[in-house]
Amino acid sequence: MSVQFTGKVLTIATEIANNCQGLEAPFCQAECPMHTDAMGYVQLIREGKFDAAVQKIREKLFLPGTLGRICAHPCEKVCRREAEYGQSISIAALKRYAADKADREELWDTTFGHATGKTVAIVGSGPAGAQAAIDLRKEGHRVTIFERLPVLGGMLRVGIPAYRLPHAVLDFEYGYLDKLGVEIRRGVEVGKDIAIAHLREQYDAVILAHGAHIGMMPRVNGSDVAGITNAVEFLREIAFKRQSNVLGENVIVIGGGDVAMDCARSALRGGAKQVRLICLEKECDLPASKHEQESAAAEGVLFTFGWCVDDFLSTDGRVSGIRMKNCLAVIDETGRFNPRLGGDTHELQCDTVIFATGQRVADIADGMLKQTSGGRYLVDKDTLATDVPGVFVAGDAAGSTIAIEAMALGRKSAISVSRYLQGIGLTEGRNFALENSYKSKFEVPLPPDVVDLKRHHPNIMPAERRIQTFDECDLGLDDTTAFKEASRCLECECKDCMTECLMLNDFTHCPGELFSVFLAKGSIEAIVPYSCNMCNQCTLVCPKEYKLADAFAGMRKDFVKANKGKSPIKGHGAIDIHQRLSFSRAFTIRRKGRK
Amino acid sequence: MAIRRGFMPGCSLPSYSPANISKTIGFLQDVYPELSVVQKCCGKPTKALGQVDLLKARFGSLVQDIKHCEIDEIIVACQNCLNMLKESDEFQTVSLWERLPELGLPRELRGKAAQSDVVFSIHDSCPVRDTKGIHDGIRWTLAELGYKTVEPAQTRDRTRCCGFGGMIVPANPDLAKRVMDRRVKDMPTEHIVVYCAACRSSMLMGGGKAWHILDLLWGPVVTQASQPPENVLASPVKAWLNRYKSKAVINRTIT
Ligand SMILES: Cc1cc2nc3c(=O)[nH]c(=O)nc-3n(C[C@H](O)[C@H](O)[C@H](O)COP(=O)(O)OP(=O)(O)OC[C@H]3O[C@@H](n4cnc5c(N)ncnc54)[C@H](O)[C@@H]3O)c2cc1C
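From first to last, the protein sequence lines stand for chains A and B. Under the working numbering, the letters of the first sequence match residues 1059 to 1653, in that order. Under the working numbering, the letters of the second sequence match residues 465 to 719, in that order.
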């Protein structure tokens, strides 16, 4: 039976399909570039279902313990408790809690698709390369990662210091790559030991995910002396030896971001007696996260805000001090980074200088690919394709700046490669919005009984103890605190009608989905509208007061019209008879009362 | 000229209980000696199925009957009839349950159940979720009779469907049964009072012990030892026979 649905039905259906809150992801999940179901695992933690929580995290992230420690957690910035009360849920800390408590290899999904016979080369084992490798391996392609270093993990392993992310945690989680059968060739530097052109010939596709590993140093007079280094080199050395050959006793770190904090705090642990951080910005404009700045200060790092290094002083070929000028403004009128310096000068003594003033992407493609600012390769931002067919870029080399973004770009590149290998157009029918962070349109009023509850923090090792070692400072949440913290989640999802109505649950996850499918197909099983009790309980609880019953009633009319005036439901034959009798002479009567 | 009243019992009530029809008419006649009575369906099931054209014809025939009796104000015992008539805006329409407190109960019924050991949970009919006067009238009546009552969490304007709505029973019986079961579970006590015969049938199917408010009004006092009247509506033969008997009652009493 072909049913022509009328205007009214279509109008209601369209309104619901477009705006039903049941389809909206919670703020945290929409914002996460990998769209991790944070609300889901936070609920599971609250319920004490730790294995399930880990599995929920692992549906999206192969690095629960790692990201639980170091993720820049954009999710927390948009958490509804942040918006309402300025106190988001400690989402990252809860993720770490679940991972520490329950993650183990048996919980890992190590299945992968049938061999496709296609091969992919990936340069770099950082989060972007690893994520791309996992996704492609899952599809059955043969994947080989080329990693210059003897260790895996990229900046997570040789940038982020061990006191924030213990190597054992990262190494354990990277074990997943082995389980999936990703081939890893360590100690091979692409561009030197093997050319991209060569990889391009030997493999069906290539992804460059080699990060940004050139420590940038502004041109400063007198910098060609010993004792001056950059964050990338310094932290890499620290990662391997917990020591650095350059490091003296009196250290100056130049830069105001989190990388500068990592350098300063690592220098203290490496044995420096005094560490001072100098940056252009005023204290209030410091780019570093508050948490990092406070931790550094607590550990004894000194800060000099609003100065710019102008000159190096040296003795016997080693740096012995810096001369600085005061910085009046960091950003110019056009909004660009363009420091304006004043006439004041100041000198400070030191024996070591570490520049933490940004990282560049190295060109490993020998000019084959165009580069833009920071050395990043020029790519199609939606597909990460380069001008060279079959060559894609991911991670920091394509513009990410935090691990979770790098992973999302890794995933994006894998989607493109997968299409490329199957000969499917790179953009055809692809929803790019969902491959990236997006804003949730969730707008359901806060339940009236919600109150502000204070955010719980993990236990932190005291500062005096912290600087003695590279052991992890953050001791994590304990059971009671984790439970309390998980219980703060406002559960930003709209399931009110689904909780109220039994019928909807038999046919859909939410009305938005039901009507979207109806509109897309232009049809619906008759049993759906004919199962509605028309009780309007859904409307009663719906924050938008959608009248589903009206839509279903309209559909019924259209079914009847298409079915020669009869309901298409078999059982309704009985109602037909019932109605005929109810209007028949045999069972009706009208008696006029006396005058 | 005096307002002429009519009574419309609907479908499920006459199918359930000719005795309740008879007593209710008697009670109304005491107040309104000129009372007319119309027993016919309002066409709600036809409407629920989506049969627009048929509905127009059927509802039209009901309107004719009411007009024939020259009724100015029609008193209805069925919540669907009430809404259908109100929507059509042809007549002044009032629910029997709103009218009861205005008329007052016969003296001999007042406090008759004061000694009952039963606590009734009240199930409101969902089509009149927004008609507060009906909810109040029902509670007033129960209090007048002397019954103790309690409210489920979903009550009055938050009431839930009994499972009968939308003609889903023949379409999706399994679902209808689950809705019935749930509604019975909502009830804080074992004994349930309703003011729709179809709701009563649903409550019985959901495993509850349910009485129609007219059972309480005109029937024996309910105690813990009482069993609810059988589910007449579940048997088409009995239901149609009752409907016929109700017609006969009307034929006899309105002369
Ligand atoms: C000091 C520091 C601290 C950071 N802290 C945080 C943090 O707390 N939270 C956060 O979210 N992000 C942080 N970041 C950013 C985050 O580490 C990066 O965004 C992320 O690691 C980028 O991933 P990627 O895979 O693109 O590259 P990388 O992680 O940089 O990995 C690239 C890999 O490629 C290898 N490689 C490079 N060149 C070659 C070559 N020619 N041949 C073969 N292999 C090669 C490298 O050895 C490396 O293993 C930090 C970065 C730094 C530098």
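No wet-lab data here; the hints were simulated from the structure. Keep in mind that the hints are not guaranteed to be accurate.
[Claimed, not checked] 30 Å max Cα-Cα, derived BS3-like pairs, lysine-lysine: (1) K531/B x K1605/A; (2) K550/B x K1066/A; (3) K1542/A x K1159/A; (4) K1135/A x K1553/A; (5) K596/B x K1624/A.
These numbers come from a predicted model, not from an experiment.
Quiz item: When you check the alpha-carbon spacing of K550/B and K1066/A, does it fall within 30 Å?
Solution: holds, 23 Å
Quiz prompt | Restraint status (C-alpha distance of K531/B to K1605/A at most 30 Å) | solution = violated, 34 Å
Self-check item: Straight-line alpha-carbon gap K596/B to K1624/A, limit 30 Å
Solution: Status violated; Cα separation ~36 Å.
Quiz item: Does the alpha-carbon distance linking K1542/A and K1159/A stay inside the 30 Å limit?
Solution: Holds - the C-alpha atoms of K1159/A and K1542/A are around 16 Å apart, at most 30 Å.
Exercise. Starting from K1135/A, check that the Cα of K1553/A is at most 30 Å away, please.
Key: holds, 24 Å
The earlier numbered hints that this structure contradicts are 1 and 5.
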